[in-house]
Amino acid sequence: NAGVTQTPKFRVLKTGQSMTLLCAQDMNHEYMYWYRQDPGMGLRLIHYSVGEGTTAKGEVPDGYNVSRLKKQNFLLGLESAAPSQTSVYFCASQGLVSTGELFFGEGSRLTVL
Amino acid sequence: GENVEQHPSTLSVQEGDSAVIKCTYSDSASNYFPWYKQELGKRPQLIIDIRSNVGEKKDQRIAVTLNKTAKHFSLHITETQPEDSAVYFCAASRGDMRFGAGTRLTVKP
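Top to bottom, those sequences are chains A and B. Number 81 in the working numbering belongs to position 44 of the first sequence; there are no gaps in the numbering. Number 1054 in the working numbering belongs to position 69 of the second sequence; there are no gaps in the numbering.
The following block holds chain A by itself, in its conformation from the complex (with noise of 0.2 Å):
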């Protein structure tokens, strides 16, 4: 039982490129976040999905694109990565309800150049 697992760790990106950060749970999780977490500003909610095949915006959803295409993962994208887009990028899932534990997964740290 891995619980959250986020893929890649680290990445270093130049201006204008595109990739994407994997989130995977194996808890049958409905529930499923990405927030970023840039030093004094705490965790600012990107994107979510309230269960497969829905996303919803969250504060920050300017530059990056979501999908739950399966129930057990979450994929963000940044298509034209800027240097703004530099920080550490944390993945959540949540149980059947909205009132509960959020699981984090160990972040991915992504440098923008």
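The hints are simulated quantities; they were obtained by calculation from the structure and are not laboratory data. Don't take each hint at face value.
Claimed, not checked - Derived pair list, reagent style BS3-like, types lysine-lysine, alpha-carbon separation capped at 25 Å:
#	chain 1	residue 1	chain 2	residue 2
1	B	Lys1043	A	Lys46
2	B	Lys1042	B	Lys1053
3	B	Lys1043	B	Lys1093
4	A	Lys46	B	Lys1042
Claimed, not checked - FRET-style restraints, in silico, Cβ to Cβ:
#	chain 1	residue 1	chain 2	residue 2	range
5	A	Gln54	B	Lys1043	26 to 32 Å
6	B	Lys1042	A	Leu59	34 to 40 Å
7	A	Lys108	B	Lys1043	32 to 38 Å
8	A	Gly100	B	Val1005	35 to 41 Å
As the list claims (entries may be wrong) - Away from chain B, derived, C-beta distances all over 10 Å, residues of chain A:
#	residue
9	Ser104
10	Gln131
11	Thr136
12	Gly137
13	Thr148
C-beta: ideal position from N, C-alpha, C; glycine also.
Given chain A, work out where chain B should sit, using these hints.
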């Protein structure tokens, strides 16, 4: 959307003292209020949570209080220890979990 504000941003206490971190939220529909602890280089981990039908919850040295009317909730840590040093985040949820900016707690031996 929900807006969560957290104070103070940094807090330094002597070992054995109490620490209090306060948060306010904007959306009266929020009904779940967790607190997470994040150590350096690690992922956030839940330490305590409270739901909107409860005013106070305690777990050993940690307690959380909720005032729904005023839309604020607080984390109380008693008898602080050096291993309590970390960044603490409050959050509020009505379906999408929003976090405060965090409080860096330092417990000096």
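Hint check:
1. Under the criterion of a C-alpha separation no larger than 25 Å, the hint pairing Lys1043 (chain B) with Lys46 (chain A) is inconsistent with the structure, at around 36 Å.
2. For the proposed pair Lys1042 (chain B) and Lys1053 (chain B), the alpha carbon gap of about 14 Å is at most 25 Å, so the pair holds.
3. Simply put, Lys1043 (chain B) and Lys1093 (chain B) have alpha-carbon atoms about 24 Å apart, close enough for the 25 Å limit, and the pair holds.
4. Proposed proximity of Lys46 (chain A) and Lys1042 (chain B) is contradicted: the alpha carbons are some 36 Å apart, above 25 Å.
5. Hint check: Gln54 (chain A) to Lys1043 (chain B), Cβ distance near 49 Å, so the stated range 26 to 32 Å is violated.
6. For Lys1042 (chain B) paired with Leu59 (chain A), a C-beta distance near 36 Å keeps the hint of 34 to 40 Å intact.
7. In this structure the hint that Lys108 (chain A) and Lys1043 (chain B) lie 32 to 38 Å apart at CB holds, the actual value being about 36 Å.
8. Checked against the hint of 35 to 41 Å, the C-beta distance between Gly100 (chain A) and Val1005 (chain B) comes to roughly 37 Å, which is consistent with it.
9. Taking the minimum C-beta to C-beta distance to chain B, about 18 Å, the non-interface status of Ser104 (chain A) holds against the 10 Å cut.
10. The Cβ of Gln131 (chain A) sits about 8 Å from the closest Cβ of chain B, inside the 10 Å cut-off, so the non-interface label is violated.
11. A beta-carbon of chain B is positioned within 10 Å of the beta-carbon of Thr136 (chain A); the least distance is around 4 Å.
12. A beta-carbon of chain B is positioned within 10 Å of the beta-carbon of Gly137 (chain A); the least distance is around 8 Å.
13. Under the 10 Å C-beta cut-off, the non-interface status given to Thr148 (chain A) relative to chain B holds; the minimum distance is some 16 Å.
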